[in-house]
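J.: Going line by line, the protein sequences match chains A and B. Just so we're aligned, residue 76 is where the first sequence starts under this note's numbering, counting upward by one. Just so we're aligned, residue 33 is where the second sequence starts under this note's numbering, counting upward by one.
No lab work stands behind these hints, which were simulated from the structure alone. Just so you know, even glycine gets a beta-carbon here, dropped at the ideal spot from N, CA and C. Don't take every hint at face value.
[To be verified] Quick look at which bits of chain A chain B covers, simulated, 3 or more residues with Cβ under 8 Å: (1) 630-643; (2) 663-672.
[What the hints assert, rightly or not] Computed far set for chain A versus chain B, every beta-carbon distance over 10 Å: (3) R155; (4) W189; (5) G251; (6) I417; (7) L530; (8) R548; (9) T650; (10) A652; (11) P682.
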Amino acid sequence: MTVPEMTGASDETAMAPVPVGVTADPSVAEQSDAGPSDPQPFDAGPFAAGPSDRGLAMAGAGLAGAGSGVPGARWRRLSRRSMVVRPLTDLVRLLPLLAGLLILHSRTGSGLLWGAAASVFAIVTGLVHWATTRYLITDERVYLRRGLLNQKTLSVARDRVRTVDVTAHLLHRALGVCRVSIGTGRNDLRSSENFHLDGVTRADAESLRLVLLSGVGEFGADEPAAAPARPQAAPAEPGEAPALAGQSALAGQSAAAGQPAAAGPAALAGQPVLAERTTELVRLRVSWLLFAPLTMTGLVVLGVLFGAILQITNATDINLAATGPVRHVVADFTAFSVLQRILVGGSVVLVGYVLIAMAGYIAVFWNFRLAGQGADTLRVTRGLLSIRATTISLSRLRGVEISEPLLLRAARGARCVAIATGLHVGRGAERDGSALVPPAPRAVAQRVASAVLGLPDDICSGPLESHGRAARRRRYTRALAGAVLIIAAICLATWAQDGPAWVWVASLALLPASALIAADRYRSLGHRLAGGWLVSRTGSLARRRNIISADAIIGWRIHQTWFQRRQGLLTLTATTAAGQQHYSVRDIPVADGLALAAAATGDLLLPFLQERAAADP
Amino acid sequence: MTTDNVVADPLLPGLRVPGNRVSRRAISYWTARAAASGAVVVAVELVLAAVSGFPAIWRAAIVVTATFVGLHAIIMPRWRYRVHRWEVTDEALYTRSGWFSVHWRIAPISRIQTIDSHRSVGERLFGLANVTATTASAAGPVRIHGLDRELADRLLDQLAVATGQTPGDAT
Numbered sequence: 076m077t078v079p080e081m082t083g084a085s086d087e088t089a090m091a092p093v094p095v096g097v098t099a100d101p102s103v104a105e106q107s108d109a110g111p112s113d114p115q116p117f118d119a120g121p122f123a124a125g126p127s128d129r130g131l132a133m134a135g136a137g138l139a140g141a142g143s144g145v146p147g148a149r150w151r152r153l154s155r156r157s158m159v160v161r162p163l164t165d166l167v168r169l170l171p172l173l174a175g176l177l178i179l180h181s182r183t184g185s186g187l188l189w190g191a192a193a194s195v196f197a198i199v200t201g202l203v204h205w206a207t208t209r210y211l212i213t214d215e216r217v218y219l220r221r222g223l224l225n226q227k228t229l230s231v232a233r234d235r236v237r238t239v240d241v242t243a244h245l246l247h248r249a250l251g252v253c254r255v256s257i258g259t260g261r262n263d264l265r266s267s268e269n270f271h272l273d274g275v276t277r278a279d280a281e282s283l284r285l286v287l288l289s290g291v292g293e294f295g296a297d298e299p300a301a302a303p304a305r306p307q308a309a310p311a312e313p314g315e316a317p318a319l320a321g322q323s324a325l326a327g328q329s330a331a332a333g334q335p336a337a338a339g340p341a342a343l344a345g346q347p348v349l350a351e352r353t354t355e356l357v358r359l360r361v362s363w364l365l366f367a368p369l370t371m372t373g374l375v376v377l378g379v380l381f382g383a384i385l386q387i388t389n390a391t392d393i394n395l396a397a398t399g400p401v402r403h404v405v406a407d408f409t410a411f412s413v414l415q416r417i418l419v420g421g422s423v424v425l426v427g428y429v430l431i432a433m434a435g436y437i438a439v440f441w442n443f444r445l446a447g448q449g450a451d452t453l454r455v456t457r458g459l460l461s462i463r464a465t466t467i468s469l470s471r472l473r474g475v476e477i478s479e480p481l482l483l484r485a486a487r488g489a490r491c492v493a494i495a496t497g498l499h500v501g502r503g504a505e506r507d508g509s510a511l512v513p514p515a516p517r518a519v520a521q522r523v524a525s526a527v528l529g530l531p532d533d534i535c536s537g538p539l540e541s542h543g544r545a546a547r548r549r550r551y552t553r554a555l556a557g558a559v560l561i562i563a564a565i566c567l568a569t570w571a572q573d574g575p576a577w578v579w580v581a582s583l584a585l586l587p588a589s590a591l592i593a594a595d596r597y598r599s600l601g602h603r604l605a606g607g608w609l610v611s612r613t614g615s616l617a618r619r620r621n622i623i624s625a626d627a628i629i630g631w632r633i634h635q636t637w638f639q640r641r642q643g644l645l646t647l648t649a650t651t652a653a654g655q656q657h658y659s660v661r662d663i664p665v666a667d668g669l670a671l672a673a674a675a676t677g678d679l680l681l682p683f684l685q686e687r688a689a690a691d692p
Numbered sequence: 033m034t035t036d037n038v039v040a041d042p043l044l045p046g047l048r049v050p051g052n053r054v055s056r057r058a059i060s061y062w063t064a065r066a067a068a069s070g071a072v073v074v075a076v077e078l079v080l081a082a083v084s085g086f087p088a089i090w091r092a093a094i095v096v097t098a099t100f101v102g103l104h105a106i107i108m109p110r111w112r113y114r115v116h117r118w119e120v121t122d123e124a125l126y127t128r129s130g131w132f133s134v135h136w137r138i139a140p141i142s143r144i145q146t147i148d149s150h151r152s153v154g155e156r157l158f159g160l161a162n163v164t165a166t167t168a169s170a171a172g173p174v175r176i177h178g179l180d181r182e183l184a185d186r187l188l189d190q191l192a193v194a195t196g197q198t199p200g201d202a203t
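Please build the complete structure, drawing on both the sequences and the hints.
T.: Okay, structure coming up:
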């Protein structure tokens, strides 16, 4: 484990003014580079070419020297502070277990021993993690090496990097480090081979982001040491601040806070401010908090809280129901009449839910800001305690999804999620960094979607082509058949159990309810192809309008059940490497579906169409 | 491996039928597989019924299940054989599969990332293999089931050569 001397020192922000990446002796790099045989680690390329040719108004002063020198690529380490972060996070995670162990073994006195052993283990793993993790950025590839016994080297071509995600939880922030995840589009849905660096300094994270996505700047050179996860309002062009920004008090505050932080170091260095052109697209407004209770986020937070409490009470053997305050509340509650209980209980639950949902919204989306940065990246920053900054390369953005869950839709709200290769979309899209607009007024979501993709407005909001009577009939048949099955089951159960008659009578209410849902589902159903964008909309309880670029479609699936065949419908699915990997147009009439697919992808489908195989397209 | 006859797809007018059928041995394989999994269900029912001393309701259930399993094992493979078709052109891989529900899949050769072949024990018994072509989309793999083993090997080579000729990262 021989390590060049300079490596350790360079990760401190204070050392940053030395453009280490440039001045480092190539031999130093070679010495440590025993691993992957990179073809040309010292080749001058875009790395050294300087930013000017990329059309970015970047200060040339710091990099003028860089161009002339030999750009040395060398292995770098995480910040030394990561040695502290790692054990502490591990210990926090182990806390319930440790507490349990302490209590279990307190009689024998071995509890302390267990705790000490765990702490030592955590500290040692932290040291090992720091000592064995190294990364290297060459002109062509990024390498990450980690592991003590099983050494593993991950590498990714730089032109495959689609997103850079910088996160920092409380501990990270206290120590001034953050975690950088690099999204490559490979293994999109698997987590085992994640390319991430846990514990680099903010300055390093910022230059990593610049180097990897914009292809400009010198890694480790003197970039302004702006905290990446803090909203940086500084480089914004004066004229470009959109109306939204100035309107909320929140926006004003964070702009004021961000400005000096970002501008400071560059100004001190006597250079022109690094003018990476930033165009703010949207910023959180406090009034959007009202949308928080209308999404599932509140329920998720509630679940997490409940789980945490259960885990702690389990581990510590405390019987919550027996504690003083809880007994007191329960006693008071049982003194009420039934009506009072319903009123009081209901309002407590409602108010509690609203507060928790709002708290969740604040925790996730505080300081939310979406900005176009440079010529070809989007930057999303957000978070109150744990902050996150996601950078999405525009060239990897394949579309957007505007989702309107029923309640949110009722309040004319919507949210907007990016469909990009390299960004995971799964459970709770906003957890995975692809949120472009948090739950907000629908008009905002539509405006941002159009602005980001450069779409005409009516693609995000305009009417769609409906799927006709057969599709409508299918919506009703499916909804009513489902309702009838449930009602039959309920009737059978009440008959078998001699249950009260009102149960099955009440269950009849499912019929009109499902008819309403069917009507709404049909109203939502639609598609459109315009200007190379495929738009499809489905769903009622969770209505989504997916807009994907026809260029991003890398295959088709056509699915037809026996019932659909009788109704002359099919489900057309476009497969893509981005987002959810597949986007469907449901229950579209056969002729329309084939025409849509043929129009969207030109040559791909035509050879397989019966009539047009011979005729000219 | 391209066929020129353009046959309209009776299942989906407008689309044409992929040129090649799968191996006839696939019918036997699918029958055997359906029968085997059905037999497991019936056997479990028999054991459960034996424990409670073969009451009438259990006997009825077993008869119904056995009939259903038998019909499935007879009808499904033949129906499936008539549906399953595939074709490789210079531009794309085109398949039709399923039975009660039918899937058509089209994957451009230029977007194919990996091609592999997998043989389960059952498939090997019947001299069969399947070929899977994956694309950059996790939802986009195209599988051809029930191919003759030698044909599968040749197809694998052919696709490997064809996909190797397209530059780019196929996203």
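J.: Quick one: which hint numbers does this structure break? Sort them smallest to largest.
T.: 9, 10 and 11
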